[in-house]
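Novice: Top to bottom, those sequences are chains A and B.
At position 123 of the first sequence the residue is numbered 123 (my numbering), and the sequence of numbers has no breaks.
At position 322 of the second sequence the residue is numbered 322 (my numbering), and the sequence of numbers has no breaks.
Hints were generated in silico from the structure; no laboratory data involved.
Cβ atoms here follow ideal geometry from the backbone N, Cα and C, with glycine treated the same way.
Each hint should be verified, as a subset may be incorrect.
Computed, partial: chain A to chain B, Cβ under 8 Å [claimed, not checked]: (1) 42; (2) 222; (3) 236.
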Amino acid sequence: MTRRDPVSAVPVAVWAGAALVGLLLAVALLSLVWTPYPAEQVRVVARLRPPSAAHWLGTDHFGRDVASMLMVGARNSLAVAAAAVGLGLGLGVPLGLAAAALGRWGDELVARLGDLVFAFPAVLSAILLTAALGAGAVNVVVALGLFNAAVLARVTRGAALAVWRREFVRAALALGRGPLSVTLVHVLPNTLGVVVVQTTVLFAVAIVNEAALSYLGLGIQPPSPSWGKMLGDAQTHLFNAPLQAVFPGLAIALSVLGLTLLGDGLRDWLDPRHRSSGLL
Amino acid sequence: MMQTRARRWAVAAGMALMAVPVMAVPLMVATGPTAAWGQGRSDLVIGMPLEPPHLDPTAGAAAAIKEVTYANLFETLVRIDATGAMVPGLAQSWTVSADGLSYRFALRPGARFHDGTPCDSAAVKFALDRARGAESVNAQKGYFAAIAAVDTPDPHSVVVTLSRPDGLFLFHLGAGDAAIVSPASAAGNKQKPVGTGPFKFDRWVAGDRVVLTRNPDYDGAKPALERVSFRFISDAAAQIAALKAGDVDAFLQFNAFEALPEFRNDPKFTVSVGTTEGETLLSINNARKPFDDVRVRRALAHAIDRKTLIDGVLYGNGVAIGSHFPPHRDGYVDLTGLYPYDPAKAKALLAEAGYPNGFDTTLRLPPPPYARRSGELIAAMLAEVGVRAAIEPVEWAAWLEKTFKGKDYDLTVIAHTEPLDIDVYARDSYYFNYRNPAFVRLEEELNRTQDAGRRKALYGQQQRMLAEDAVNGFLFMLPSVTVQNAKLSGLWVNRPVQANDLTGVAWK
């Protein structure tokens with residue numbers, strides 16, 4: 001039961017997750033300055049080519065370079081997921097903190113708003129929203145962001161309520177600090193760990209949901225590439241060019257796997273109870 | 001502890017696998033023939049990409065309405081056959097006066113509506129007066145605009161008097177929009193259509209199928225099929241799956257062009273590629289800036305590479321057009337060379353019009369794959385010359401409401417499948433917002449002209465005028481692609497009117 005030094009205590013899952021997420025980030029950043037071909041460049045005569053030296057992952061049904069599309073798709077995926085999670089953090093964390101601080105009707109209000117959002121699965125509410133407001137990346141961000149806000153409000157509220165019961169908060173209140181000051185100085189810092197872990201999970205969910213919506217034609221619009229749209233386009237080519245579906249499918253699966261491993265591992269690593277057990 | 005670790009890995013793997021069903025679903029397609037495959041059948045399941053919004057052909061522009069009802073459920077006085085020729089329908093014969101102003105139709109004496117009421121001259125008068133009346137919601141009200149009076153000298157004769165000659169009058173009476181409906185049932189035709197055809201309405205399972213059954217009281221030749229279902233499958237992958245699984249016996253207007261080689265190689269199927277009347281356009285809102293400038297519209301025409309479009313979207317199964325007229329019809333003029341693909345020229349024209357850096361616009365796309373895929377390619381082509389078109393995918397109802405009726409759009413891609421519909425450019429209220437008095441004058445002269453040679457010349461002038469004004473981006477003719485069970489005979493190859501006439505279809 002000796003305490004391990006922090007680096008060796010990092011579980012393999014975190015390393016694996018970090019490597020995958022790092023690769024995703026690197027590819028997305030690289031696409032800003034370089035892709036093998038312009039991702040939107042159409043060459044119908046060279047369509048559905050198998051992987052080769054010229055096109056590492058082949059070409060799609062319009063003759064676009066699949067590797068380049070995947071790279072830009074990574075950037076688009078990350079951008080939408082980051083915006084959706086950012087919106088969720090910006091709305092959800094203050095709401096959760098407010099619910100815990102206000103108690104009673106304020107708490108009730110936030111809880112019921114959350115129920116309203118949870119009444120529909122995230123993808124369904126995103127479909128409803130894009131049907132009403134039109135398809136596109138912005139509306140997808142709004143829809144997923146609202147869902148994330150509800151999740152984060154609930155998680156933050158739970159964690160914050162636990163902090164409010166602690167002695168140092170009582171002491172601060174006894175000293176005459178107001179609820180706002182207590183929330184910012186004591187409650188928020190002590191809920192951040194939970195929020196960080198939840199954020200990585202939501203990030204992974206956002207990537208899958210964005211892909212699902214783009215697959216349905218409601219997300220990122222062409223000519224800008226997206227993994228989901230690539231999967232959708234690949235569908236009618238399953239018999240004559242099955243690899244079309246494999247590469248974007250792998251990209252989505254590996255990204256989500258990486259983010260989930262990273263989030264899950266981080267939770268364990270950051271959680272003092274797990275760390276002291278030394279069994280990880 | 002091991003348990004929680006295992007659970008965590010399971011969660012991680014599960015999360016990753018959420019992505020997989022998206023790509024795995026089409027793999028579960030059954031590929032073997034089913035029990036339904038084979039001979040001695042008298043039922044038929046037809047696949048169609050679009051579901052009609054209702055079933056009254058005299059009250060809607062949606063082609064799908066006519067594709068279910070034409071010649072099957074409802075009949076017209078004159079009928080258009082598989083070759084595009086006018087043959088007797090409810091009228092067994094007709095005569096036209098020398099001045100072209102009076103048409104006399106002799107009706108089939110035994111014709112009856114499915115509710116048993118006779119289809120006599122009173123019903124025909126009712127149907128024509130309803131179509132041209134003030135209250136008419138007919139999508140092609142213009143077809144009946146020339147009618148001055150409809151008289152019924154006896155129960156089996158109808159005399160239609162025109163106020164001006166109309167060279168296309170008979171042809172228009174052969175369109176589904178001119179279906180003869182009964183005074184007793186016309187109001188309910190949208191949900192429960194009652195016609196005079198060899199099939200009658202059985203039921204409509206919304207979102208899935210319309211079922212027709214053979215009309216035992218039909219007064220003409222009875223069809224070989226007893227029961228016909230129209231199934232509506234918009235998704236291209238699902239169309240392929242439905243054919244392979246034998247869920248549909250034939251798919252009309254099949255739009256997964258990439259799958260055609262596969263079906264051609266399979267002896268269980270026959271593939272036919274015929275013509276439609278569908279001029280596929282990049283429709284332009286001519287009233288909206290910057291498209292009110294002909295130089296901008298010409299720039300768009302130069303920016304579009306039709307060959308790439310036809311290869312990329314239709315896998316080569318299409319013919320380029322340079323104006324709004326099908327190459328297979330008399331009077332066609334080849335104007336495809338007027339605006340050769342030339343991005344540099346397009347940029348120069350844009351600069352001349354005051355847009356040296358291009359501009360931002362929107363490209364609204366209805367659901368059919370030809371529209372969505374053409375739109376994707378067109379957006380890429382326009383981007384090459386600096387026109388940044390944001391793609392806006394919409395459902396049919398929204399497209400009809402906002403674009404077609406509301407005329408609130410910049411650019412859209414759509415096939416215009418009504419036959420000989422170049423006259424729409426003479427309509428002030430049409431959604432192109434194109435207004436050219438010279439074109440209207442040509443249309444008026446065309447309406448007065450009976451002489452075939454002169455009509456051809458006028459059609460030629462109209463085509464040239466539209467091409468020179470670059471009213472729309474003229475792309476290609478939509479092909480009529482049918483993939484069918486090889487044992488089936490009698491399906492139309494070409495589509496000279498909006499119709500899926502099943503009266504001659506039989507199992508071999």
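Novice: Compare the structure with each hint and give your call.
Specialist: For each hint, the structure was consulted:
no. : hint : verdict
1   : 42   : holds, 5 Å
2   : 222  : holds, 4 Å
3   : 236  : holds, 5 Å
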